[in-house]
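From first to last, the protein sequence lines are chains P and U. Residue numbering for the first sequence follows our numbering, beginning at 244 and increasing consecutively. Residue numbering for the second sequence follows our numbering, beginning at 1127 and increasing consecutively.
One or more of the hints may lead you astray.
[Stated by the list, open to error] Here are the simulated BS3-like cross-link-like pairs (lysine-lysine), alpha carbons at most 27 Å apart as the crow flies:
(1) P:K311 / P:K299
(2) U:K1135 / P:K299
(3) P:K285 / U:K1135
(4) P:K299 / P:K314
[What the hints assert, rightly or not] Which bits of chain P does chain U cover? Going by a derived footprint, with three or more residues having C-beta under 8 Å, they are:
(5) 268-278
(6) 285-293
(7) 335-342
Hints were generated in silico from the structure; no laboratory data involved. Source: prediction; values computed, not measured. Here a beta-carbon is modelled for each residue, glycine too, at the ideal position from N, C-alpha and C.
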Amino acid sequence: GESVGLHLPTLSVQEGDNSIINCAYSNSASDYFIWYKQESGKGPQFIIDIRSNMDKRQGQRVTVLLNKTVKHLSLQIAATQPGDSAVYFCAENNRNQFYFGTGTSLTVIP
Amino acid sequence: NAGVTQTPKFQVLKTGQSMTLQCAQDMNHEYMSWYRQDPGMGLRLIHYSVGAGITDQGEVPNGYNVSRSTTEDFPLRLLSAAPSQTSVYFCASSYSGTGELFFGEGSRLTVL
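Just chain P, same shape as in the assembly:
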């Protein structure tokens, strides 16, 4: 089966600092990747996505980087705010199936 892993299960950052959450994926045939944010008791919310023909994509305060050579995905959050505290999941898509990582819990320290 697919294997989507996250390098760190927890991450604590000071408010205002930048956050970087990493993710490794195993299937080189995966062609679409998404980052989700999940707050306690809620469903995952879309943050940003990237297709395999791109290396970088930027959104509002977030950037996703894709390194296909080493099968690595990262999410960068600029000027992290207390509202960014949540669990973050990466997901890869292959043949209409999404495979999710186990999540990284981000805590923002005021």
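Take the given structure of chain P and dock chain U to it, following the hints.
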């Protein structure tokens, strides 16, 4: 738009009982899917559908059935519940199988 609506939000079952988790979306999405979320395991795909009348198995399909008679609805059936099916279940939909997934709020199921 309501988005993706799941019912019930909470359910307690006894081992061997059956039940259906309902999922409806009003975004005219062709793709719908069910996931279970367990502590430390992330979200795992149970079943998915790329359109009405078409369903397929995901990573963990055993013990679950689905059907897709309309574009809007994608119910998940547990025919004989087991304690191992205690989990939080999420339904998600997308325009296609390779686009942003929109998730429901989840259904927390406990099997005693």
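Hints and how they fare:
1. P:K311 / P:K299: holds (11 Å)
2. U:K1135 / P:K299: violated (37 Å)
3. P:K285 / U:K1135: Holds, because 11 Å separates the two Cα atoms, which is no more than 27 Å.
4. P:K299 / P:K314: Holds, at roughly 14 Å.
5. 268-278: holds (count 3)
6. 285-293: holds (count 6)
7. 335-342: Coverage by chain U holds here, the residue count being 6 at a Cβ distance below 8 Å.
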